[in-house]
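Each chain, written out:
There are 2 protein chains.
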Amino acid sequence: MVRISNGRSKASGSRRAERTRRAILQAAAAAFREHGYAGAGMREIAEKAELSPANLYYYFGGKDEILFYCQDHSLDRLLAAADEAAVSGEPPAAQIGRVIRAHLRCVLDELDGASAHLEVDALPAPLRRRVVAKRDRYERAVRALVAAGVDAGSFAGRDPILVTRAILGALNSTVRWFRPGGAVSAARLADEYADFLVRGLLA
Amino acid sequence: MVRISNGRSKASGSRRAERTRRAILQAAAAAFREHGYAGAGMREIAEKAELSPANLYYYFGGKDEILFYCQDHSLDRLLAAADEAAVSGEPPAAQIGRVIRAHLRCVLDELDGASAHLEVDALPAPLRRRVVAKRDRYERAVRALVAAGVDAGSFAGRDPILVTRAILGALNSTVRWFRPGGAVSAARLADEYADFLVRGLLA
Chain A
2 MVRISNGRSK
12 ASGSRRAERT
22 RRAILQAAAA
32 AFREHGYAGA
42 GMREIAEKAE
52 LSPANLYYYF
62 GGKDEILFYC
72 QDHSLDRLLA
82 AADEAAVSGE
92 PPAAQIGRVI
102 RAHLRCVLDE
112 LDGASAHLEV
122 DALPAPLRRR
132 VVAKRDRYER
142 AVRALVAAGV
152 DAGSFAGRDP
162 ILVTRAILGA
172 LNSTVRWFRP
182 GGAVSAARLA
192 DEYADFLVRG
202 LLA
Chain B
2 MVRISNGRSK
12 ASGSRRAERT
22 RRAILQAAAA
32 AFREHGYAGA
42 GMREIAEKAE
52 LSPANLYYYF
62 GGKDEILFYC
72 QDHSLDRLLA
82 AADEAAVSGE
92 PPAAQIGRVI
102 RAHLRCVLDE
112 LDGASAHLEV
122 DALPAPLRRR
132 VVAKRDRYER
142 AVRALVAAGV
152 DAGSFAGRDP
162 ILVTRAILGA
172 LNSTVRWFRP
182 GGAVSAARLA
192 DEYADFLVRG
202 LLA
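Which chain is which? The protein sequence lines are A and B, in order. Residue numbering for the first sequence follows our numbering, beginning at 2 and increasing consecutively. Residue numbering for the second sequence follows our numbering, beginning at 2 and increasing consecutively.
Since the hints were derived computationally from the structure, they do not count as laboratory data. Ideal Cβ positions, reconstructed from N, Cα and C, are used throughout, including at glycine. Warning: the hint list may mix true and false statements.
Cβ-to-Cβ under 7 Å is the rule here; a few derived chain A residues that face chain B [stated by the list, open to error]:
hint, residue
1, Glu85
2, Ser89
3, Gly158
4, Arg159
5, Val164
With the hints as constraints, model all of the structure from the sequences given.
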């Protein structure tokens, strides 16, 4: 049984504790990258975070819980970007471009984004369901932006469900080959993907 | 050690044997879908193929070898489609549209396409290397079509490497959610994806 802190976790209420939690999530992401999710234990994560294992367990009940919060935090960032775009008053193409760039910034983030998108299947079912539900919410938010652009006549009359899945599929696949410090920077990748995918939407 | 038949396998030289091998690959794909790759053994595959286990082992040395041939066969189909497009004399947009449709037909194929694209990591390293090498060849073939369109001025001046990865990422991600017999047909999906992605390329 995986223990999940509820909204008011032991460590809540303190900004310092929240900073520690964020630092742990980033250290965990680094450990996952280095050892693989299966190979990284709480000991490796504690080492990376420069905490004692006991201290680490004070903040998180286990590795699954840490991965869950990595994913949950990433999805919160994605949802926030979609919500900001929706209220930006910008034209539909600019809104989608903004979401695409934010999505890639998040998943190509050296800190915790990539692990958040690669390892959903590693979560135990109850946690996976929560992540999948939030991922679905995000997909619906992006789809609503696409549909609004179609309705406004800015985008071609394609099926928003399919086009949104094509876009998200292209974006998420980057974590399988992108390497920080490689030939292509995350910024250039984001620009090229945004230009290409937004162009595909236009009427 | 995984035994892999060489080009002139025991069963080669006979059309009937080749048909049996194809039927086995399709039966295996169905077994992988039903039980998962980890859960489907040679016994389940033999049952699906309506062969005795001994007869199955006459054609394939093991489950890894069967998955390898599923993937290898899929990649041959993809490479053939890219090669046909390249010599078709059609405009660049039509060539890429043709490749996109062929790719989706292959990976959404009820028979063996999807497993071929989802389970690369399940292969032992020597086989995985061969599949990855052929996948890279295919990526280069698609990229050459994109680059030719850019050079001809038909496509916008984007980086063919990145655009090709965006396209292939969108296409391959369909196997994660597409269900035969679901709300969207493979044909409609292929049309929408081709229109959207080709449109994104245009100058």
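Results for each hint:
The closest approach between the C-beta of A/Glu85 and any C-beta of chain B is roughly 23 Å, which is over the 7 Å cut-off, so the hint fails. Given the 7 Å rule on beta carbons, the hint for A/Ser89 is violated: about 22 Å separates it from the nearest Cβ of chain B. Given hint, A/Gly158 at the interface with chain B, is violated; its Cβ is 10 Å from that chain's nearest Cβ, farther than 7 Å. With a cut of 7 Å, the hint placing A/Arg159 at the interface with chain B holds, because the nearest CB-to-CB distance is about 6 Å.
Among the interface hints, the one on A/Val164 holds; its C-beta lies about 5 Å from the nearest C-beta in chain B, closer than the 7 Å criterion.
Checked against the numbered hints above, the structure violates hints 1, 2 and 3; every other hint is satisfied.
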